[in-house]
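*Asks:* Next come the chains, spelled out residue by residue.
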Amino acid sequence: MRRNFKFRVILIIAFIALALYHLLPTFRLQTMGEEEKERMRMRGELSNLELQAIKLGLDLQGGMHLILEVDLKELFNSLARNKDPQFTGLMDKLNNLYLESDESTFQAFLTLANDENISLNRYYGVTEKGNEPVIEFIREQADDAVDKALQILRNRIDQFGVAEPSIQKIGDKRIIVELPGIQDIGGARDLIGKTALLEFKLLKDPETTTETLERIDSYMKRNRMAATGEDTSQLAEETAVRDTTKGAAEDSVVSLADLFQSDSDSDMAAGEADTDSLLVDENTFEENPFFSLFRDLRPYNREIGVPEKNVNAVNFILNKPDVKRLIPPDAEFAWSNEPEIVEETNYYELYLLKKEPELTGTVITDAQVDIGSGYSPTSAGQPVVNMTMNSEGARIWSRVTGANIGKKISIVLDNKIYSAPVVRSKIPSGSSVIEGIGNMDEAKRLAIVLRSGALPAPVEIIEERTVGPSLGADSIRRGLWSAIYGMGIVVILMIVYYNASGLVANFALLLNILFITAVMAGFHATLTLPGMAGIVLTIGMAVDANVLIFERIREELRTGKTVRAAIDSGYARAFTAILDSNITTLLTAMVLYQYGTGPIRGFALTLSIGLISSMFTAIVVTRVVFDFITTRWTIQKLSI
Amino acid sequence: MQLIVNPNIDFIGKRRIAFYFTVAMITLLVFSVFFHKGIKLGIDFRGGTLMQFHFERNVEIGSVRNALSDVGYGESEIKHFGAENEVLIWMHLQPNPDEVAETLGEVLKTEFPDNPYSVARVEAVGPKIGKELITGAIWAVIIASLLIIVYLSWRFEFRFAITALVCSLYDITFIIMIFSVCGIELSLATVAAILTILGYSLNDTIVILDRIRENMKSLRKESFPVLVNRSLNATLARTIMTSVTTFIVVLILFLFGGEVIHDFSFALLIGVLEGTYSSLFVAAPFLVVWHERAEQRKLSRIK
Chain A
1 MRRNFKFRVI
11 LIIAFIALAL
21 YHLLPTFRLQ
31 TMGEEEKERM
41 RMRGELSNLE
51 LQAIKLGLDL
61 QGGMHLILEV
71 DLKELFNSLA
81 RNKDPQFTGL
91 MDKLNNLYLE
101 SDESTFQAFL
111 TLANDENISL
121 NRYYGVTEKG
131 NEPVIEFIRE
141 QADDAVDKAL
151 QILRNRIDQF
161 GVAEPSIQKI
171 GDKRIIVELP
181 GIQDIGGARD
191 LIGKTALLEF
201 KLLKDPETTT
211 ETLERIDSYM
221 KRNRMAATGE
231 DTSQLAEETA
241 VRDTTKGAAE
251 DSVVSLADLF
261 QSDSDSDMAA
271 GEADTDSLLV
281 DENTFEENPF
291 FSLFRDLRPY
301 NREIGVPEKN
311 VNAVNFILNK
321 PDVKRLIPPD
331 AEFAWSNEPE
341 IVEETNYYEL
351 YLLKKEPELT
361 GTVITDAQVD
371 IGSGYSPTSA
381 GQPVVNMTMN
391 SEGARIWSRV
401 TGANIGKKIS
411 IVLDNKIYSA
421 PVVRSKIPSG
431 SSVIEGIGNM
441 DEAKRLAIVL
451 RSGALPAPVE
461 IIEERTVGPS
471 LGADSIRRGL
481 WSAIYGMGIV
491 VILMIVYYNA
501 SGLVANFALL
511 LNILFITAVM
521 AGFHATLTLP
531 GMAGIVLTIG
541 MAVDANVLIF
551 ERIREELRTG
561 KTVRAAIDSG
571 YARAFTAILD
581 SNITTLLTAM
591 VLYQYGTGPI
601 RGFALTLSIG
611 LISSMFTAIV
621 VTRVVFDFIT
631 TRWTIQKLSI
Chain B
1001 MQLIVNPNID
1011 FIGKRRIAFY
1021 FTVAMITLLV
1031 FSVFFHKGIK
1041 LGIDFRGGTL
1051 MQFHFERNVE
1061 IGSVRNALSD
1071 VGYGESEIKH
1081 FGAENEVLIW
1091 MHLQPNPDEV
1101 AETLGEVLKT
1111 EFPDNPYSVA
1121 RVEAVGPKIG
1131 KELITGAIWA
1141 VIIASLLIIV
1151 YLSWRFEFRF
1161 AITALVCSLY
1171 DITFIIMIFS
1181 VCGIELSLAT
1191 VAAILTILGY
1201 SLNDTIVILD
1211 RIRENMKSLR
1221 KESFPVLVNR
1231 SLNATLARTI
1241 MTSVTTFIVV
1251 LILFLFGGEV
1261 IHDFSFALLI
1271 GVLEGTYSSL
1281 FVAAPFLVVW
1291 HERAEQRKLS
1301 RIK
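Sequences listed follow chains A and B, in order.
Numbering-wise (the working numbering), the first sequence opens with residue 1 and increments by one.
Numbering-wise (the working numbering), the second sequence opens with residue 1001 and increments by one.
The following block holds chain B by itself, in its conformation from the complex (with noise of 0.2 Å):
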């Protein structure tokens, strides 16, 4: 079976209304950071303690709430995880962690005296460490980028380089604001989501940019838009074909994965669609824009 045989779109061509979209999209999430407040945190990142108690049965976050008062816990960030028997408590750094699950623990076990629970996770992150985590998140990207420049430099021209530079850049920004809108948190887990949307969106556009270099070898009388064009087209059928397949994947991971991974495999999620959008939408008209500008100077300095 094959779905595209020879397509033919105008991809360069049309390549304005697709910076159009580009920037109506940065602009609405920009809007929506500042409504959502910013960039939600988890706790890897500012640190606190973290329990996860497992239920039997159903449980409402306003009895949990009342529960946690008596014992001067009530403004705790507190929520379902998943299902509605899974409750989800953050609050600010115990120095003895023990005792406030002791504390917590009879508590609730007078407040839901027929529903059992235990206590399936506890996370406590000092300030400290939430700083480095921090800190080491960017030292991450910028280290990762510029690996990836010099290798793209090497391989390719300096030119490509960027392009997929720019491409990543475009792709960070767009997958922190959409995690804010979402109201995803970056946690250690969302980060290398991050880190590995870059990668898959980076495998993305150098496939093409690997037609762009070859077909530059091959189709020297084309000017340059067109030569775009026809790699974009050319690239096509893979390029969805294997967009189709990690998405199903990752869409699996979504759906059955659970829900310690959900922030993780829903992050995966946008971030395959937005990888491809970005390589032929973004990478590929960065590269004919630049293209044309250095062809201009060079015009101009003839004259």
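In isolation and in its complexed conformation, chain A is listed as follows (with noise of 0.2 Å):
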């Protein structure tokens, strides 16, 4: 008895060594003034520190958590080469539907393409017959896009200056990003989920570009024709408005049914908001109706201006699969990105564009900001992006440049066209300027994601949390005191209602705090809200395994054993309830711990270690004081 005892002393001294040694850096961090904070950061120290304190979640300190996932649709379309109408077609239905799961989806895309009988081997560059393999091939790609999006996100957001940023990638599709005490969480997402894909497109020539909104234009007006059987065409007016612009235009509001003189439904299906009040050239609305919604900017150095309010009607017609026919399929149309500012309208300018690239992101080796010199009227003061190439990149970049002088090529980002210069000479240094931005903000981010690289598919942000710091550090403060409050309570019920051994309880209640926060600290392990309370929780069960054997040693002494005796087998009987009942809330806490997410992982990882913790701290500890103490002095009646 007598060495088992010193044992049993030792192991416990130990523990308590052991967690205060553990809980050292997290009292530092919390006591270390700003200054000294600052000094430590300089020389390096500090992240080595606060890896060893209790890392606070994101609903304590504040920050940003998001659940991504690689959009798989579009990674099959960017993926394809060789892209035919029948591709696009393809594409288009299988964008129309709306799918479940990523298993779905693969399955959606085979039955698709073996129902009309294509075969996409040449669109992926599978040599082994057969659908089947391709999807395969597809399914391995995507397989590595989102490890390659993690590590391109890794190393956006290393650049955005994030302390203790967290990126993994969960399952196999989605990759979790934590950034604890972000502040610009707008930039954030966008620097997130910004694709990046850099693409330097040429210009279709004016002839074209004329030709094929003539082609549409007319082909408004036959709809419009074949509706109302009659030449002529009413202006419906909601409201007049007269807007002189410089030009001829003069503008009527008009609806998007007036334009089409449809009535049908499934015509304005598709027609979201904004499709109410159009912006129309009143004197070119019943000849031109598609032309009435684009204004001529060029006496402002523009191009073909579309008001913004017309933007959501433009996209519209031009989605119209009869009217997508009547583009050439080699060509695209494409909107600038930021809007021009003319009398005070806001006009986006669109482009008809080779959908071929020249040259793409990857031959970008470094993407610097900076301001416009006075070279180009645009861009003089304003923030630019200054772009080098590899050597590749610059031999094409030279070549390119060197055939199309005098043309226009445009710079796109994510299919929204920065600017489109026209090629003034041969460029042989493979550097390039991207004009255009709206802010310095937005620059500072645009090279950011240059440097890092395109993501080979687009993320979706599928769940979104964030936390104000403020609200942050007002629930630790709940939090605190809800856990004193919770200890002063128990503490003095303890007492009142058994005496001296009461005390012994408390002894082993304060220890479970103790053990509970050092293992915390000792690995890292994230303190959230609900952890808290899952602290105070503990606080309340791990007085039951007490309460157990205290009323198990009054029932023994009540039938007249010694206090020696009733001690012993007190702790004997209660030991299985103890175990058992414990046990099965581990195992509650554990499925938690495995279902839960963020802060409910933080819960069920205080409550499993306050369980283990009491059953120690009952079984062990407060038996070794009952013991010391009846065995330095001879009890005869025991304070219980």
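Be a bit skeptical, because a hint or two may be false.
What the hints assert, rightly or not - Here are the simulated SDA-like pairs of lysine to any residue, each with C-alpha atoms no more than 20 Å apart in a straight line:
(1) K416/A <-> E1099/B
(2) K1131/B <-> E460/A
(3) K309/A <-> V1100/B
(4) K407/A <-> A420/A
(5) K320/A <-> N95/A
(6) K561/A <-> S639/A
(7) K1128/B <-> T105/A
(8) K73/A <-> G1126/B
(9) K309/A <-> T1103/B
(10) K221/A <-> K324/A
(11) K355/A <-> F200/A
(12) K1217/B <-> A572/A
(13) K354/A <-> D205/A
(14) K173/A <-> N95/A
(15) K408/A <-> L213/A
(16) K1131/B <-> G171/A
(17) K1131/B <-> T105/A
(18) K354/A <-> N415/A
(19) K1131/B <-> S104/A
(20) K1079/B <-> I1061/B
(21) K1128/B <-> I170/A
Calculated from the structure, these hints are not laboratory results.
These figures come from a predicted structure and were not determined experimentally.
Put the two chains together into one complex, using the hints given.
*Replies:* Set out below in structure tokens:
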């Protein structure tokens, strides 16, 4: 008994010492002044210290939590080469399906291709016959894409400068990003969500452009005639707005229905908001319904502009299958990224581009932010991004610029045109500039994503949780106070109900709190608000083990046993109850940990640690105390 | 101080009353659920965008809704969150939460020019995730139950395990219905609370089962119902003490823990009471009834 006693005491003291040691970093961090923190940060020692302390969850320190998923359908599209109308038709059908899971996306693609007897091999360069191997190939690419995206996102976020960001892959297709303490939430979202696909595309020549627009215009006129059966069209004015621009355009406000002169719902079905008031040129409305949506901005040194209000309508028209057929197969329409403000109206420019890019962002080696010099009137004083290319890129760029002097080449990022300058001369140095950026912050982010590379496929944010810092601090305060009050009441209760033995139980309780926090610090585990609730709950439940033992001891005393014997059998008998009941609660806590995310995991964690620790303190620590007391002094009556 | 010394309450004898009471509660709750139109799902499960605005001074919901209607969001759910200067807005999933937040911000600024606000929290959950969380929650409950049956069958007997399981099922049903009646949403946190209550109630039940197990070895002469009764009485002091301490602790959490975990702590509060009740008045009687039926079957086989 003696030797066993000594061993147990040493064990307990060892644990306490270990616990205190692990808690030291947390204590230091909390009590350190800001100046000292800065000094440590400079020396690069701060993160070391932080890694040994308790980590605060996002709900306590504020920050952003995102779950991203790779957009599979877009991946199918971007992996494909030699896309022809057959392929685009297939993609259109796929995009119209609502698919619940990744598996079904693959399946649907396969089924669609098989149904139409389309061989996917030549689009994806798979030599093995049949569509199944192609799907396999795409599957592998999808896995790769997620890993690549992970890498790229890490690069981007590293450059963003967040302390202790966390980026991890979960499952096959998803990425969790956590940015603690971040202030610029919109900026972060932009940085992460941007695919950053950079392409250099030539503009189609003006003749083709005009021809295409005219074709669309005639189509609309024909449709309108078909609907009304008449040649004359009616101007339905909601409100007549006379807005005289420098040209001859006179504006009227009409609705999309009027544009089409159609009552059919299918036409309107795709019309989302903002198709109620379109600005059309009254003069051309009857003869050229499509053109009436545009404005000639050449007097302002621009091309054709579309007032902001009309953009949705124009898109609606351009996306109609009939209209798509009117566009040359090697061309596509694209919008400018930023609107131009002319006489207080926002105009977006519409361009017809060659579909195949001359060059993509893979050749960019560096991108730096700068303020535009005075060479170009459009960029003086505005933020620009200067790009440098690798040797292969420089070679291609030199060839492309050399062959297209006088023509316009557009710089397209994620299908938005930033600028479309005229090629004045051959550029041998592999340098290029992006203008047309809204503001400095956007320019900085642009430079970051260009440097890190384009995401292999667009990522979708499927879950986002953001907590402001003040809410976080508030939560910490409340959690702490709850814990303190809880402890206080339980301590009093134990003493009142169990007298001096209550003190022993309280000592065990204190040790519990010590051990829980130490374990969390030691493993750099995350403390969340539910986690704090878990600690508070543990305070209540930890007492349970002691109560079981004490009640048992009381019972044994009542049957007339001696103090020593009562204590012995009390512990012995209560043991099975403690073990079985705590283990079952532990099982549910573990399931909770598996199933839960973030904050809930924190709760399951503190609860589990608390249960284990309370078993230890109740069975070993309090026993040691009792043994000590009863061997040191002969107790006649136990204060319990 | 000892409050309860050698109690001798006839739990088992009065089990009929307990049974009727339990059934009455369940029926009441079922009606309430229908009345309240079923169980409310939180953002975690149904998806959408949630924003919490912290204003400096109190704000009326009506005025917020008016302001929102101007920009087309009048149909969102708007409510106070704890205090009257905290406003919670829920709307269907927005593809551009930033723009929406900006629009809302502008509108709120115009509507309440002298009442500055800050965005305390934003949550956006896509429909895919919502469905997955629901399936995950159901799986979690199923797996937890299975694990427990296995463990208990090993440590006790099979019928004890089933008793515990039945008790747990009752617990879960009761809690979910109380949620519905009190208007608590099912969210990640409240599901976590349900699992916790499950664990706690089991904890309680097992202590009693442990005593029954022990008495079965030492009080062989007694009839089973009497044995169970003795066990219940013997553990009563502990049951009450633990329930009281846990309840007080959770009460503190409920009162001082703040709005964010309010639903969570409320659920735990109900759960502690319910867990104790179910251990005494659902689990124990169930075990006795099972035993009686088993005995009857044995007798009829002999005949």
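*Asks:* Are the hints correct? Go through all of them and say.
*Replies:* Hint-by-hint comparison with the structure:
For a cut-off of 20 Å, the pair hint linking K416/A to E1099/B stands: about 18 Å separates their Cα positions. About 17 Å separates the Cα atoms of K1131/B and E460/A, which keeps this hinted pair within 20 Å; it holds. At roughly 19 Å between alpha-carbon atoms, K309/A and V1100/B fall within 20 Å of each other, so this suggested pair holds. Among the hinted pairs, K407/A with A420/A is consistent with the structure: their alpha-carbon atoms are about 10 Å apart, no more than 20 Å.
Between K320/A and N95/A the alpha-carbon distance is near 15 Å, which keeps this suggested pair within the 20 Å criterion. Proposed proximity of K561/A and S639/A is supported: the alpha carbons are some 15 Å apart, at most 20 Å. For the given pair, K1128/B sits about 14 Å from T105/A by alpha-carbon distance, which is consistent with the 20 Å threshold. Taken as a hint, the K73/A and G1126/B pair is honoured in the structure, with Cα atoms around 17 Å apart against an allowance of 20 Å.
Note on K309/A and T1103/B: the hinted pairing holds, with a Cα-Cα distance of about 17 Å set against a maximum of 20 Å. For the hint pairing K221/A with K324/A, the CA-to-CA distance comes to about 16 Å; that is within 20 Å, so the pair holds. Of the supplied pair hints, the one linking K355/A and F200/A holds, its CA atoms being roughly 10 Å apart against a limit of 20 Å. About 16 Å separates the Cα atoms of K1217/B and A572/A, which keeps this hinted pair within 20 Å; it holds.
Distance hint between K354/A and D205/A is fulfilled; the C-alpha atoms sit about 10 Å from each other, no more than 20 Å. For the hint pairing K173/A with N95/A, the CA-to-CA distance comes to about 19 Å; that is within 20 Å, so the pair holds. Only pairs whose Cα atoms come within 20 Å are accepted, and K408/A paired with L213/A is accepted, the gap being roughly 19 Å. Proximity of K1131/B to G171/A is assessed by CA-CA distance (about 16 Å); at most 20 Å being required, the pair is judged to hold.
The suggested pairing of K1131/B with T105/A holds, with an alpha-carbon distance near 17 Å, which does not exceed 20 Å. A distance of roughly 12 Å separates the Cα atoms of K354/A and N415/A; the hinted pair therefore holds under the 20 Å criterion. Distance restraint check for K1131/B and S104/A: the Cα-Cα separation of roughly 16 Å lies within the 20 Å cut-off, and the hinted pair is therefore satisfied. Straight-line distance between C-alpha atoms of K1079/B and I1061/B comes to about 6 Å, which keeps the hinted pair within the 20 Å bound.
Between K1128/B and I170/A the alpha-carbon distance is near 15 Å, which keeps this suggested pair within the 20 Å criterion.
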